[in-house]
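Asks: Just so you know, the protein sequences line up as chains D and E, in that order.
Per this note's numbering, the very first residue in the first sequence carries number 1; after that it's consecutive.
Per this note's numbering, the very first residue in the second sequence carries number 581; after that it's consecutive.
Check the hints yourself; a few may be wrong.
[As the list claims (entries may be wrong)] Ranges of calculated distance between the beta carbons of each label pair, as one might list FRET restraints: (1) R361/D / S656/E: 33 to 43 Å; (2) T305/D / D665/E: 55 to 65 Å; (3) V457/D / S656/E: 28 to 38 Å; (4) C607/E / E407/D: 20 to 30 Å; (5) E407/D / R596/E: 25 to 35 Å; (6) R596/E / D320/D: 31 to 41 Å; (7) S656/E / P436/D: 15 to 25 Å; (8) A404/D / G660/E: 46 to 56 Å; (9) R361/D / C607/E: 34 to 44 Å; (10) S656/E / D428/D: 32 to 42 Å.
Hints are computed from structural coordinates only; laboratory data are not their basis.
Even glycine gets a Cβ: it sits at the ideal position worked out from N, Cα and C.
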Amino acid sequence: MSATRSPEGSGTNEPRLAVYVCQCGGNIGDYIDTQHVIDVVRDLPGVQVARDAMFTCSDSNQQEMIDDIARESLDGFVVACCSPKLHTFTFRGVAERAGVNPYRVTQVNLREQCSWTHTDDPAGATRKAIRLVTAGVARACHGTALEPVQVSTTPCVAVIGGGVAGMRAAIGLADVGLDVCLVELEAELGGWTGRFGELFPRGVSGRALVRRMRQEIASRPGIEVLTGARVVGKSGTYGNYRVTIAIGDATTERTVGQIVVATGFDAYEPVAGEFGYGSPGVVTLPEFRRLLDETDGPIVHDGRTVRSIAYIYCVGSRTDGHAYCSRYCCSAAAQASLLVADRDPDLQQYHLYRDLRTYGRNEVLFGESRRRGSYYLRFADDDPPQVSVDGEGVSITVHDLLTAGAELTVAADLLVLVTGMVPRPEDDLIAALKLPVGRDGFLNEIHPKLRPVETVVDGVLIAGACQAPKTVAESVASGMAAAAQAAAVLKRGVASLDPQVAIVHDAACDGCGECVAACPFGAIALAGSDGHAVATISASGCKGCGACTPVCPIGAIDLQGYTDEQVRAMIVGLLDGGVR
Amino acid sequence: MSTLIGPALAADLRRRGGFDAQACMGCGYCTAACPLGIDMLPRRLFRYVLFGMDAEVRAELETVFSCLLCRACEQSCPAGVHITDNVRTLRGWLLEEGR
């Protein structure tokens with residue numbers, strides 16, 4: 001499959017163009033004399049309309065552009081404004097609404113690359129603007145209409161990680177009719193949730209939740225479950241990836257259209273001595289949950305009945321190296337105290353916290369915990385509790401901000417360190433899929449609000465606590481979001497890709513192979529018959545980076561939208577604009 | 581000087597008069613509403629009771645008996661603490677055991 005090339009306006013017939021120069025309020029207009037630029041470029045070949053505007057991106061100006069295109073029967077336009085990173089899609093949208101091919105829009109960067117960089121020299125900035133716009137018009141004169149590259153996609157998704165997020169994603173994908181390959185590192189599905197008893201809210205046990213999801217997965221023949229397995233490689237192109245999966249010493253491959261990464265989190269492991277960790281009577285929250293989940297009746301630890309418990313919150317969260325809040329732990333500790341109160345109402349419980357974030361409905365857990373006798377003491381960020389451990393139990397000294405900073409000592413039989421979530425060390429998977437990792441070590445989405453499950457790697461989605469600390473409910477929601485996003489791509493059966501990709505002029509190519517070596521995406525191969533091998537570029541594998549075009553010794557490769565002809569015309573335009 | 585905290589005093593006062601210090605969340609609306617401007621009542625005092633800080637409670641004898649029992653604080657309390665009932669219970673404890 002390759003991008004098609006329309007003959008209209010391909011250089012020989014002069015296209016009909018408009019030029020818009022944006023003042024961007026004062027961002028451009030305070031430094032560049034936009035009216036002068038317009039007066040100079042008005043007479044360039046092909047220019048039918050030229051005007052400036054306070055904000056070219058405004059709704060009213062967009063409508064004026066659409067009206068100009070209709071009235072003057074224009075083929076395209078040049079808009080000299082901000083960076084293409086900001087408004088490429090805005091102005092392509094204008095073109096589409098006006099019935100013009102969106103790739104006939106040329107954006108010239110007058111703000112970041114001219115007015116903002118030459119605030120000390122308005123006259124010089126104006127002269128440079130004339131050169132840049134002249135070059136833009138020259139490029140537009142040699143522009144062509146392009147149509148999106150269409151690739152058919154494989155209706156199967158690889159889901160990496162069989163915790164609640166991955167399991168829920170797999171079920172959702174199967175329900176919309178897509179095949180799933182669910183890859184789990186452990187011997188069975190379930191992840192963290194599968195090890196826990198009662199979870200907030202509503203108190204259903206994690207084991208029961210996971211049991212139900214395992215049954216749902218088993219009842220869906222479209223889901224293939226691989227356990228004791230890890231993804232070790234990825235090849236192929238958008239919509240048709242080959243993932244390599246290692247199971248023990250063997251490897252196998254699957255072809256998939258999308259990949260969902262749901263590899264979860266690790267519990268923070270305190271260092272020895274941190275709040276007494278490593279001493280008898282000091283445990284982490286997951287260790288304490290195991291104690292609660294695996295026993296009944298009065299709480300017994302190390303052979304002794306526990307009469308009092310202290311909790312220290314924010315251990316391994318909101319500190320150096322782990323600047324984030326782990327979100328689930330305040331609610332989980334408050335809920336654990338309720339489980340304790342159910343089993344032993346007279347057991348004393350002291351919660352030492354920095355800030356309580358039992359957000360949303362979990363606030364009820366905090367209120368209930370206080371009502372049932374838990375004491376809450378608040379310490380300052382820079383004044384954490386001091387822990388000392390002797391044979392009798394654990395002694396914790398704290399300055400309680402809610403008691404006017406009074407120094408209080410809590411004697412407890414058991415100290416629970418309310419530990420947060422840390423990213424899993426998935427270096428091999430991160431390398432294999434080129435996953436984007438944030439400063440905190442969790443995987444990064446493209447946009448935290450509007451594109452929360454997509455990554456900058458096309459076709460690779462993230463779900464669950466590999467992205468950031470999440471509760472079970474939040475992990476399940478993001479698993480379903482990833483399923484919806486994967487399905488939105490794959491249920492169409494074809495994907496539309498950017499046509500600004502490299503093409504080979506077959507007749508000219510002599511098959512030297514320089515471009516094959518230059519391509520960072522492995523998208524070029526030598527192929528052909530009759531002894532004449534030529535470079536063949538996969539339109540879906542090409543990212544339009546342009547690395548191949550300059551290395552071709554005979555100029556047989558062009559990057560669509562940035563052809564050699566266009567670039568030469570721009571250079572002439574830059575020089576020509578200097579004498580106007 | 582660090583105080584070892586324990587539940588005995590709060591349990592004693594709960595038995596005496598349903599003392600409900602636990603419900604207080606320390607917001608300070610009561611202090612703002614007090615027509616006498618008694619800044620001790622009730623949030624810090626209730627914390628002393630909660631943690632069994634007998635000496636600190638005894639030291640507030642004057643404050644506890646200065647209260648008008650006007651209930652302005654109770655009207656303002658978002659947590660519905662029975663502040664004046666608690667004060668009455670405290671007065672009883674101070675009279676019988678506190679000296």
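Asks: Against each hint, give a clear statement of whether it holds in the structure.
Replies: Here is how each hint holds up against the structure:
{"no.": "1", "hint": "R361/D / S656/E: 33 to 43 Å", "result": "violated (26 Å)"}
{"no.": "2", "hint": "T305/D / D665/E: 55 to 65 Å", "result": "violated (35 Å)"}
{"no.": "3", "hint": "V457/D / S656/E: 28 to 38 Å", "result": "violated (56 Å)"}
{"no.": "4", "hint": "C607/E / E407/D: 20 to 30 Å", "result": "holds (23 Å)"}
{"no.": "5", "hint": "E407/D / R596/E: 25 to 35 Å", "result": "holds (28 Å)"}
{"no.": "6", "hint": "R596/E / D320/D: 31 to 41 Å", "result": "violated (48 Å)"}
{"no.": "7", "hint": "S656/E / P436/D: 15 to 25 Å", "result": "violated (51 Å)"}
{"no.": "8", "hint": "A404/D / G660/E: 46 to 56 Å", "result": "violated (24 Å)"}
{"no.": "9", "hint": "R361/D / C607/E: 34 to 44 Å", "result": "violated (21 Å)"}
{"no.": "10", "hint": "S656/E / D428/D: 32 to 42 Å", "result": "violated (60 Å)"}
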